[in-house]
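Spelled out from the first residue to the last, the chains are:
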Amino acid sequence: MSVLPLTKNGHEVMLEARGMSKRFGEHTVLRDISLSIQRSEVVCLIGPSGSGKSTLLRSLAFLEAYDDGEVFVEGELLGYDRAQGGRRVISRPARLREVRRNMGMVFQQFNLWPHMSVAENVMEALIRGRRLSRAKARKLALETLEKVGLVDKADAWPNRLSGGQQQRVAIARSLAMSPAIMLFDEPTSALDPELVGEVLQVMKHLAEEGMTMVVVTHEMGFAAQVADRVVFLDGGQIVEQGAPAKLFREPSSPRLAQFLKNYLERNSLFDDRPAANGTCL
Amino acid sequence: MFDPGLLIQSLPLLLAGLWNTVWLSAGGLLAGFVIGVGVCSLKLSERTVLRRLGGAYVSVFRGIPLLIQLLFIYYLLPRLGLDVPAWVAAMAGLALCCGAYLSEILRGGFLTLPPGQVEAARLLGLGGRDILVRIKLPQALRATLPALLNEVILLIKASSLISAVGLAELTRTAQNLAASTFLQLQFYLAAAVLYCVVNISLALLAGRLERRFEAGRA
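Line by line, the protein sequences give chains A and B.
According to the working numbering, the residues represented by the first sequence are 1 to 281, in order.
According to the working numbering, the residues represented by the second sequence are 282 to 499, in order.
Check the hints yourself; a few may be wrong.
[Unchecked claim] Restraint ranges, calculated between C-beta atoms of paired labels, are given here:
#, chain 1, residue 1, chain 2, residue 2, range
1, B, A484, A, D155, 29 to 39 Å
2, B, R332, A, E26, 17 to 27 Å
3, B, F494, A, R23, 35 to 45 Å
4, B, G336, A, E26, 39 to 49 Å
5, B, G336, A, R31, 56 to 66 Å
6, B, S326, A, K246, 26 to 36 Å
7, B, P366, A, D67, 53 to 63 Å
FYI, nobody ran anything at the bench for these hints, they're computed from the structure.
A quick note: this is a predicted structure, and the numbers were derived from the prediction, not measured.
Every residue gets a Cβ at the ideal spot worked out from N, C-alpha and C, and that includes glycine.
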């Protein structure tokens, strides 16, 4: 019954925030956020720590209940039901599950279940949620683990794996539910530097396959190479957004220019490398 | 003071008493576990009313001596028109009390779980009951196994208070035998040995479980 809103170039809007705000007590962490993500689009959220980018992502999944505005997942209002008299109430868990059914999420801390093997982690939601038989769930789990290159670890315990491998399992666990939108909350921030690449590689592959992705990241290189659009947040507001080439080369706001300058200074090995306007990303 | 012949003769009685102790404790433990999980969920609820309710339960059933609880239930039920056998009153008493302690032990276990694990489960579409039974409880049980074992052993020993409502469990049986034969030391020693056998077996079992759980960790 819901009609997907279409943008002017005819793309489906998969995920949309309209005038969304979030407060923790007196403190406003997100202010009037409007953001629309189309099918197969890869959007990276960047910004200094405390800018609200993780809270924005969590609000898009309703892990945080936003206060004002709306979030729509494939045209359906997320998190609230309209009650009588125009007021709204938080959706019941079953309704929340229904609206989020095509959404997957990957966390900074992986959040694998340590008392289950790798394969069981992937199978759990297939069995309990999708009502697949154990055999079918295992088959699908192994196929999905194959995609992230970890089928040989299927019967290992999560804690025996490296951080990069654990995060790939977490991605497989989400992918097995065949989501249409994937949210990534700093997926490589808890990893040793040499393990970052393998996770980004899997994500890049997903992007190439046309997955709709929203990624909170500090990996500017990934954002530059993979994102269709980069959104820069500061102080709980969207300051600037656009194609990575444009945004990184010619930031129009001084805050983004400063942020990029700091990033390059932190990440350059030698002081004599150009660090002025981000051309070496 | 000791009469081995008489001991062997009364062994069936003692074992019958032990059996009563074991199944009444097991029943009390199982029902207490369900109560414990429920009360624990109340105490971890986001709603103040429910948290207070859980807190009140724990205060009451942890605060009153089990003997008083057992006697109270035993005499209360007939007043309410409930004509139930003594073992129901006994098991209910054990369960209500054990539930209060278990809820606090489990709460400790639940609090050690990273909230992200539950968020991941929610995003994967698992419902509240599946999250409790499949994700939270198994980990809480593992994390609190030593404390749970303590509670189970305490429960088995506390079940000796059931004798107050007239059930011939192990302690009551030993008392009866001691009184009728005047061989007090012999029969109390026999009861002590039987309690120990049960509790040490449980400890060994728990130890094995713990080592199996350890295998899954780095």
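Cross-check of the supplied hints:
1. B:A484 - A:D155: 29 to 39 Å: holds (31 Å)
2. B:R332 - A:E26: 17 to 27 Å: Cβ of R332 of chain B to Cβ of E26 of chain A: about 24 Å, so the range 17 to 27 Å holds.
3. B:F494 - A:R23: 35 to 45 Å: Since F494 of chain B and R23 of chain A have Cβ atoms about 42 Å apart, the given range 35 to 45 Å holds.
4. B:G336 - A:E26: 39 to 49 Å: violated (29 Å)
5. B:G336 - A:R31: 56 to 66 Å: Because 38 Å falls outside the window, the suggested range is violated.
6. B:S326 - A:K246: 26 to 36 Å: With a Cβ separation near 49 Å, S326 of chain B and K246 of chain A fall outside 26 to 36 Å, so the hint is violated.
7. B:P366 - A:D67: 53 to 63 Å: holds (57 Å)
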